[in-house]
Every structure is written in C-alpha cells, then in structure tokens.
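**Student:** Sequence:
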Amino acid sequence: MSSNQPDVDRALAYPEPPASPLWYRHGAKARPLTDGQRQRNRELLVLAQRTTRPRAPRTTENLAEAS
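Using this note's numbering, the letters of the sequence shown map in sequence onto residues 311 to 377.
It is worth saying that the hints were derived from the structure and are not from the lab.
Errors might be hidden in some of the hints.
As the list claims (entries may be wrong) - Label-pair ranges, simulated between beta-carbon atoms:
(1) Ala366 to Pro331: 32 to 42 Å
(2) Gly346 to Tyr324: 29 to 39 Å
(3) Thr369 to Tyr324: 29 to 39 Å
(4) Arg335 to Ala358: 22 to 32 Å
(5) Pro325 to Glu371: 51 to 61 Å
(6) Thr361 to Arg341: 23 to 33 Å
(7) Pro342 to Glu371: 45 to 55 Å
(8) Pro327 to Glu371: 29 to 39 Å
Every residue, glycine too, gets a C-beta built ideally from N, C-alpha and C.
Build the full structure now, drawing on both the sequences and the hints.
**Tutor:** Structure follows, in structure tokens:
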C-alpha cells in the first residue's frame, strides 16, 4: 500500500466516550469479602471449571427422563 498518510490506529482516532452514570455507585461502599466467602468462591470456581457442560441443549425427551 503506497499511501502518503501515516498508519493510524483507528480505535484511537476518536476521543473516549464519557463513562455511563450506571458505573458510579451511590451510597454505601461495598463490604469486602470475608475469608470464608473467598474460600467458598474459590471452591465453587474450581468445581465449575472441572464440570463439563452439555454440548447440545436438552430435548423434551431428556427433560422427561431427568425428572
């Protein structure tokens, strides 16, 4: 490509849009997690990463067998 214009990243060509007002928290600050809550979250994450998800959605026949 022989162009006289420099190679410009188009993502940076425009100013960043203002932040959404929904991103700001009004009122009390969130409380930090306790050690027990952190441990439980870690255990659930490990469990979720180990379990396999079904490849296809369940059919009505499969749902009838499961219940």
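**Student:** Now look at each hint and say whether the structure bears it out.
**Tutor:** Structure-based check of each hint:
1. Separation of Ala366 from Pro331 is about 41 Å and conforms to the stated range, judged on CB atoms against 32 to 42 Å.
2. At about 46 Å, the CB distance of Gly346 to Tyr324 disagrees with the hint of 29 to 39 Å.
3. For Thr369 and Tyr324, the hinted distance range of 29 to 39 Å is not satisfied, since their beta carbons lie about 48 Å from each other.
4. For Arg335 paired with Ala358, a C-beta distance near 27 Å keeps the hint of 22 to 32 Å intact.
5. At about 55 Å, the beta-carbon gap between Pro325 and Glu371 stays in the expected band of 51 to 61 Å.
6. Checked against the hint of 23 to 33 Å, the C-beta distance between Thr361 and Arg341 comes to roughly 30 Å, which is consistent with it.
7. Against the hinted window of 45 to 55 Å, the Cβ-Cβ separation of Pro342 and Glu371 comes to about 47 Å, which satisfies the hint.
8. In this structure, Pro327 and Glu371 break the distance hint of 29 to 39 Å, their C-beta atoms being roughly 49 Å apart.
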